[in-house]
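Asker: Let the sequences and hints guide you as you build the complete structure.
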Amino acid sequence: MEKSGPVQKAVVLQPFVKLVRLVARAFYDDYTTKSDNQQKSARSDNRGIAAVVLDALARRQWVREEDLAKDLQLHAKQLRKIIRLFEEEKLIMRDHRKETAKGAKMYSAAVAATTDGRAEDKVKLHTHSYCCLDYAQICDVVRFRLHRMKKRLKDELEDKNTVQEYGCPNCQRKYNALDALRLISMVDDSFHCENCNGELVVECNKLTSEEVVDGDDNARRRRRENLKNMLQKLEVQMKPLMDQLNRVKDLPIPEFGSFLAWEARAAMAARENGDLNPNDPLRSQGGYGSTPMPFLGETKVEVNLGDGNEDVKSKGGDSSLKVLPPWMIKEGMNLTEEQRGEMRQEAKVDGGAGAAAKLSDDKKSAIGNGDEKDLKDEYLKAYYAELMKQQELAARRNQQESAGEPTSGIQSGTVYSGRQVSMKAKREEDEDEDEEEVEWEEKAPVTANGNYKVDLNVEAEASGGEEEEEEDDVDWEEG
Amino acid sequence: MFFHIVLERNMQLHPRFFGRNLKENLVSKLMKDVEGTCSGRHGFVVAITGIDTIGKGLIRDGTGFVTFPVKYQCVVFRPFKGEILEAVVTLVNKMGFFAEAGPVQIFVSKHLIPDDMEFQAGDMPNYTTSDGSVKIQKECEVRLKIIGTRVDATAIFCVGTIKDDFLGVINDPAAA
Ligand SMILES: [Zn+2]
Numbered sequence: 001m002e003k004s005g006p007v008q009k010a011v012v013l014q015p016f017v018k019l020v021r022l023v024a025r026a027f028y029d030d031y032t033t034k035s036d037n038q039q040k041s042a043r044s045d046n047r048g049i050a051a052v053v054l055d056a057l058a059r060r061q062w063v064r065e066e067d068l069a070k071d072l073q074l075h076a077k078q079l080r081k082i083i084r085l086f087e088e089e090k091l092i093m094r095d096h097r098k099e100t101a102k103g104a105k106m107y108s109a110a111v112a113a114t115t116d117g118r119a120e121d122k123v124k125l126h127t128h129s130y131c132c133l134d135y136a137q138i139c140d141v142v143r144f145r146l147h148r149m150k151k152r153l154k155d156e157l158e159d160k161n162t163v164q165e166y167g168c169p170n171c172q173r174k175y176n177a178l179d180a181l182r183l184i185s186m187v188d189d190s191f192h193c194e195n196c197n198g199e200l201v202v203e204c205n206k207l208t209s210e211e212v213v214d215g216d217d218n219a220r221r222r223r224r225e226n227l228k229n230m231l232q233k234l235e236v237q238m239k240p241l242m243d244q245l246n247r248v249k250d251l252p253i254p255e256f257g258s259f260l261a262w263e264a265r266a267a268m269a270a271r272e273n274g275d276l277n278p279n280d281p282l283r284s285q286g287g288y289g290s291t292p293m294p295f296l297g298e299t300k301v302e303v304n305l306g307d308g309n310e311d312v313k314s315k316g317g318d319s320s321l322k323v324l325p326p327w328m329i330k331e332g333m334n335l336t337e338e339q340r341g342e343m344r345q346e347a348k349v350d351g352g353a354g355a356a357a358k359l360s361d362d363k364k365s366a367i368g369n370g371d372e373k374d375l376k377d378e379y380l381k382a383y384y385a386e387l388m389k390q391q392e393l394a395a396r397r398n399q400q401e402s403a404g405e406p407t408s409g410i411q412s413g414t415v416y417s418g419r420q421v422s423m424k425a426k427r428e429e430d431e432d433e434d435e436e437e438v439e440w441e442e443k444a445p446v447t448a449n450g451n452y453k454v455d456l457n458v459e460a461e462a463s464g465g466e467e468e469e470e471e472d473d474v475d476w477e478e479g
Numbered sequence: 001m002f003f004h005i006v007l008e009r010n011m012q013l014h015p016r017f018f019g020r021n022l023k024e025n026l027v028s029k030l031m032k033d034v035e036g037t038c039s040g041r042h043g044f045v046v047a048i049t050g051i052d053t054i055g056k057g058l059i060r061d062g063t064g065f066v067t068f069p070v071k072y073q074c075v076v077f078r079p080f081k082g083e084i085l086e087a088v089v090t091l092v093n094k095m096g097f098f099a100e101a102g103p104v105q106i107f108v109s110k111h112l113i114p115d116d117m118e119f120q121a122g123d124m125p126n127y128t129t130s131d132g133s134v135k136i137q138k139e140c141e142v143r144l145k146i147i148g149t150r151v152d153a154t155a156i157f158c159v160g161t162i163k164d165d166f167l168g169v170i171n172d173p174a175a176a
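Residue numbers (full-length UniProt numbering), protein chains in the order written: chain A, 1 to 479; chain B, 1 to 176.
Here are the in silico distance ranges between beta carbons for each label pair:
| hint | chain 1 | residue 1 | chain 2 | residue 2 | range |
| --- | --- | --- | --- | --- | --- |
| 1 | A | R152 | B | T129 | 23 to 31 Å |
| 2 | A | N229 | B | I5 | 43 to 51 Å |
| 3 | B | G82 | A | V236 | 25 to 33 Å |
| 4 | B | I5 | A | V236 | 48 to 56 Å |
List of simulated lysine-lysine pairs, DSS-like, C-alpha gap at most 30 Å:
| hint | chain 1 | residue 1 | chain 2 | residue 2 |
| --- | --- | --- | --- | --- |
| 5 | A | K150 | A | K90 |
| 6 | A | K228 | B | K81 |
| 7 | B | K81 | A | K151 |
| 8 | A | K90 | A | K249 |
| 9 | A | K154 | B | K110 |
| 10 | A | K174 | B | K94 |
| 11 | A | K228 | B | K110 |
| 12 | B | K94 | A | K154 |
| 13 | B | K81 | A | K90 |
| 14 | B | K135 | A | K154 |
| 15 | B | K81 | A | K174 |
| 16 | A | K174 | B | K138 |
| 17 | B | K110 | A | K150 |
| 18 | B | K81 | A | K154 |
| 19 | A | K18 | A | K70 |
| 20 | B | K110 | A | K151 |
| 21 | A | K174 | B | K110 |
| 22 | A | K151 | B | K135 |
| 23 | A | K150 | B | K81 |
| 24 | B | K94 | A | K151 |
| 25 | A | K77 | A | K90 |
Bear in mind the hints are in silico, worked out from the structure with no lab data behind them.
Where is the CB? At the ideal position from N, CA and C, for every residue including glycine.
Answerer: Quick look at the structure:
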């Protein structure tokens, strides 16, 4: 909710929700989905249903109409009828879309982020309709509606759109404005009686004047009284609504944007939120709880790779230090400098044993039993001694390296590069590894792979499920 | 409101028009007879746009005139109550003002002119706001709303108002 966060912070939804609730009760209280002749039994009387739907919409942002129907325990058809009414009345935005698997998933994610996380697993593949209150438009529509109501009554009260009447003071003949063309005189500005050529007078305020007594005028006066009463009632009954409208007038209006924008934003927010800070206060803004999204594979993988790298370094250090045992070294072998160095040291320390080892390796069978045993002991002693030295050396080298001495000799340099190479190589082809190395090498890739696999499985399952439902869900077609 | 409709009329043609140009003669006579007339039912016939059919002529006994039933397409103009029109002011007096929208004449009585406009008598009688910013006089163009129509067999007369949002003077050539 990084992007929508600040916006929502500034926008207070509550007054607008109150406005919607007032509107629902003022204008849609006796709306019923039944036609008049159907509406006989009290059981089928569903007045107030529109108010229920509006209230429900005020608790949500964008919502799939099917889900809304389910939540309200309404028949989808019934709900659609009401929704269509609101659409005509310009209270809501609607969006229809042929659902793909991805779209449904995105919506589910968005829902989870903005409502209480009841992201349905069900994925439909037909035309789905989404709706959302359009608060900006609601304000305008309601204000305009009130204005028109008042204006209409006032116009009738003031005879604004009535045709002006004229009377002849002499012969009492009545005319009206539609006769104007015939009454106009070339002599002066005024209208003249066709009968006696008397100057006509405007018959105004006839309704309020006291001396008029004939029945027709009485009826009109009564009607006028009715109009006055209605106007007064209107003022009184609509006062809460008008007050709320005025309260809301200068507040920033909650905008959820178009459906696609909202969905994308909500999904993104969910991902960011779920990862960074599960207790992000922004998430509880406006009363929308949220649950973390199962989208977090990527980061986990990275973390695990990091661990793996450390493993590789420490263990790889050992492995690259691995030296050929003296008894394996033969003349003419292509040895690394490291190994040669060891050879030289070995030769210095225990040349004879080394030579014996050479012999023993190749021609064990040719040597006698007793000799063999002696040689073996001899060899083991020499080997272990050499091994000790090696480890000491290695330890010293490591210390030098960590102390930051780059020119610590050929050996350390080679060791280092060798380590890197082996590490890289192993990581690249972690499938066909030598058996001894599997133990330590595979750790990192395995974890990484594991996570990737989980992700893939999720995708695969989702797409699989959606295909299934593509087949059996036909009922939500727009009709 | 304008409509494009098909009307039918029985045309009587003098025998002297019979000949090669009978059809042309018939059509030109139709135009002369019909265009600019007003019928209460269809409104003002503005223009004939085409001839659909000309039926078989029927010779009248004794006169030699022939009657042809003609179906023709035409544009008609029929004002309705509630319709918004733009009209040119033709006459201003203390009772209100008259205006014309094409063939239709409309009268706007004083009480349907905004209250802040006062009648000013003189050479050029007019209705003017107190600050003089808006003036209704002859030749002004006004937008008005029709609140009543009187439809006779051969004429339509309207009563209008400019006492509503977005109504009133839209252009004053005298002021420009
Ligand atoms: Zn008279």
